[in-house]
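A.B. asks: Here is what each chain is made of, one letter per residue.
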Amino acid sequence: MILDIIHILLPLLIIGSSLFAVLLKDLIAAAIAVAAMSLLLSLEFFILQAPDVAIAEAGIGACLTTAILVIAIKSTKRMEDEK
Amino acid sequence: MNGMSRIVKTITSIVFPFIMIFGLYIIAHGHLTPGGGFQGGAVVASGCAMILVAYGSVWTMGKIKEKNLSILESIGAICFIILAILGLGFGTVFFKNFLVGSNIIFGIVPSFGSTISNINTAGVIPLMNFAVGLKVIVGLFGIVLIMAYASRRRDNK
Amino acid sequence: MSKRNLFALIFFVIMAVFLFISSLMMHPFGNPEETNMDDEIIENAQIETGANNGVTAVVFDYRGFDTLGEATILFTAVAGVMIIFRRMNK
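Protein chains in written order, with my numbering: chain A, 1 to 83; chain B, 1 to 157; chain C, 1 to 90.
Honestly, the hints are just simulated from the structure, not real lab data.
Note that the coordinates shown come from a computational prediction; the quantities given were computed from them, not determined experimentally.
A hint or two may mislead.
[To be verified] Pair by pair, the computed Cβ-Cβ distance ranges are:
{"hint": "1", "chain 1": "B", "residue 1": "115", "chain 2": "C", "residue 2": "35", "range": "21 to 29 Å"}
{"hint": "2", "chain 1": "A", "residue 1": "3", "chain 2": "C", "residue 2": "66", "range": "30 to 38 Å"}
{"hint": "3", "chain 1": "C", "residue 1": "8", "chain 2": "B", "residue 2": "20", "range": "45 to 53 Å"}
{"hint": "4", "chain 1": "A", "residue 1": "29", "chain 2": "B", "residue 2": "11", "range": "21 to 29 Å"}
{"hint": "5", "chain 1": "C", "residue 1": "88", "chain 2": "B", "residue 2": "120", "range": "41 to 49 Å"}
{"hint": "6", "chain 1": "C", "residue 1": "16", "chain 2": "B", "residue 2": "20", "range": "20 to 28 Å"}
{"hint": "7", "chain 1": "C", "residue 1": "14", "chain 2": "A", "residue 2": "3", "range": "46 to 54 Å"}
{"hint": "8", "chain 1": "C", "residue 1": "84", "chain 2": "B", "residue 2": "119", "range": "39 to 47 Å"}
From the three backbone atoms N, C-alpha and C, an ideal C-beta is built for every residue, glycine too.
Here chain A stands alone, though its shape is the one from the complex (with noise of 0.2 Å):
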């Protein structure tokens, strides 16, 4: 019953995050809403069943992939520009 539940919510939460990635303005914080999605994603696959998968996730996703989005906006511009 509660494993139903995990599998009703968190595929909402991911496309929650997701949509959050893809409307901000902030740039930092969309990166920072991306490895939430990679989180909740490697969450995902631990219940499917598939911990490989999940640490590879886990490693990949959340942390490495969010310090080079940060690197490559500090380096850049902050706040996305509105046309």
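Given chain A, put chains B and C in place with the hints provided.
C.D. replies: Below, chains B and C without anything else, positioned relative to chain A:
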């Protein structure tokens, strides 16, 4: 990117050995527990990226030279390909697992079913795990380190 | 409607139909079809490779060429990043 405050540096120094032990455990037990060279390498590279963020790219680049990273990654790739070619030499085909059943190292074959894990099994697979793990650690950490160092230079100008 | 928009609309409709049909033909959740390759690997991996972890046995032994390609991709990515940023580091 300069270093962060003293609190962040202290907490990073406390947490860093545990992340390293966890990642190296995943690499070394790749043939027994979930994970392997790539996953453990990603975990260790995440820990090294945490050191990079906390202490700043200038300090980290002073400790680790870029040329050493290139050499270590090439060593990992060459070890992987040499292990594959040794399968061609001692066995029959490329990527032949030639150490299984021998008495040299990692040679024990477990019985079928769920058995007690013995680390001295699986032939050439742990050695390949170590090679790929070294390659992934140095590769992913090198990408982040070089990008951080380049962006630091542009801030100063 | 211009000709380009018409082509885009036709392509979109065809892709949507394909995706809808393939989503109707999916297996029920958690019940993959059994194939011969699965049984072969599950029965023989522990004896042939000696590894208790079947996924690692497939990745590093049965499908070693895939791992070699992945290592090549990672090496090429690192080499490209080092070539691009080496000029900025001096």
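A.B. asks: Range first: 39 to 47 Å. Now tell me if the beta carbons of residue 84 of chain C and residue 119 of chain B are that far apart.
C.D. replies: holds, 41 Å
A.B. asks: When you take the CB atoms of residue 29 of chain A and residue 11 of chain B, is the distance between them in 21 to 29 Å?
C.D. replies: holds, 24 Å
A.B. asks: Does the Cβ-Cβ separation between residue 8 of chain C and residue 20 of chain B fall within 45 to 53 Å?
C.D. replies: holds, 51 Å
A.B. asks: Between residue 14 of chain C and residue 3 of chain A, is the Cβ distance one that fits in 46 to 54 Å?
C.D. replies: violated, 37 Å
A.B. asks: Using the C-beta atoms of residue 3 of chain A and residue 66 of chain C, is the stated range 30 to 38 Å upheld?
C.D. replies: holds, 32 Å
A.B. asks: Can you tell me whether the CB distance of residue 16 of chain C to residue 20 of chain B sits inside 20 to 28 Å?
C.D. replies: For residue 20 of chain B against residue 16 of chain C, whose Cβ atoms are near 49 Å apart, the range 20 to 28 Å is violated.
A.B. asks: Range first: 21 to 29 Å. Now tell me if the beta carbons of residue 115 of chain B and residue 35 of chain C are that far apart.
C.D. replies: With a Cβ separation near 26 Å, residue 115 of chain B and residue 35 of chain C satisfy 21 to 29 Å, so the hint holds.
A.B. asks: Holds or violated: 41 to 49 Å for the Cβ distance of residue 88 of chain C and residue 120 of chain B?
C.D. replies: 47 Å Cβ-Cβ, so the 41 to 49 Å window holds.
The structure shown violates the earlier hints numbered 6 and 7.
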